[in-house]
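There are 2 protein chains.
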Amino acid sequence: MKAYLAGPDVFLPNAVAHAAAKVAICARYGIIGRPPLNEEFEALANLPAEQAWRGIFKKDIEMMEACDIVIANLTPFRGASADAGTLIEVGWFLGRGKPVFGYSNTATLFEPRSHKLVAAVPDPIPGLLVEGFGLPDNLMIPGAVEYGGGFPITLPPDGIDRAFDALEVFEICAAQISQA
Amino acid sequence: MKAYLAGPDVFLPNAVAHAAAKVAICARYGIIGRPPLNEEFEALANLPAEQAWRGIFKKDIEMMEACDIVIANLTPFRGASADAGTLIEVGWFLGRGKPVFGYSNTATLFEPRSHKLVAAVPDPIPGLLVEGFGLPDNLMIPGAVEYGGGFPITLPPDGIDRAFDALEVFEICAAQISQA
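If you read the sequences in order, they're chains G and Y.
Each residue of the first sequence is one higher than the last, beginning at 976 in the numbering used here.
Each residue of the second sequence is one higher than the last, beginning at 976 in the numbering used here.
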């Protein structure tokens, strides 16, 4: 079973080593992890921006087509919610009818995270609703994972936020997938 | 042609009137706009949170199934990128093979927006990359729109940010769709 390893992990300074660690964890649970690294595609490196981003997009879509499931890192990234590119990919798998799994290193729920963000960066107009269903993110995300994969987003089991690049919760998620 | 009107518009204080204005604009271009309003579903209002959010998710997915295209409001919302729920929906339409269209009221590009956000809310660990391809958002989003719909995300034509709830750029997008 091939798993597309979506997440803002591609933006880590040690993205290649981090991806290798995730692939090794997947292997322990019988999953073939496929990280969407751009570093492996030397042909992209020397292209002008207009061609490079389209090359990355096409390469990622092809990798998604070749995978059976997605395991998404839904840890919040530069805002109240998960990484934007990751969310497109999660939606794509849901639309394709392929199983969707996800985890977050953040135990703090979406509603308090949203209020904290709005306190730091005020909303552009007053009166914008903060969604509050006791969920880890905008309801479409836990919905995509629960309906797409069969169980909720995997969170830190003790309710304590982990480091942005921690892999403990990812491993719990991989174990849950292998049992499901 | 039925268009799912995705966007953070559902969080506006005047969400119902705003949705009606978008539906009226669509009608001028031969498009049947379908806004995912929760206000229309009284049955959801009195449910406990656990049932309410799942009801909204299922209702939105059913509405997406019944639509031919998505017109997504990709104006940044509580972070460097577009609204999280909207991105799941955009990815869903791309995965389903249904045309994807989108617009943003923000002319400022993703890279300077990301740097501005990081200055206000520092990244959780140092060295995280800021993506820089001269695009309006994470490359998966302009990719989903360009490959899904055939033309780029519609932006303010004069390069000047519009108000969060402005409808001028939405109307330009609707006109482009009707011509395409």
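Hints should not be assumed to be uniformly reliable.
Copies of one chain are not kept apart here, so a pair can be met inside one copy or by any two copies together.
Claimed, not checked - Here are the simulated lysine-lysine pairs, DSBU-like style, with alpha carbons at most 35 angstroms apart: (1) K1091 - K977; (2) K1073 - K1033; (3) K1034 - K1073.
Hints are computed from structural coordinates only; laboratory data are not their basis.
Just so it is clear, the structure is predicted and the values come from calculations on it, not from any experiment.
Evaluated hints:
no. : hint          : verdict
1   : K1091 - K977  : neither (37 angstroms within a copy, 37 angstroms between copies)
2   : K1073 - K1033 : both (19 angstroms within a copy, 17 angstroms between copies)
3   : K1034 - K1073 : both (18 angstroms within a copy, 20 angstroms between copies)
The structure does not agree with numbered hint 1 stated previously, though it agrees with all others.
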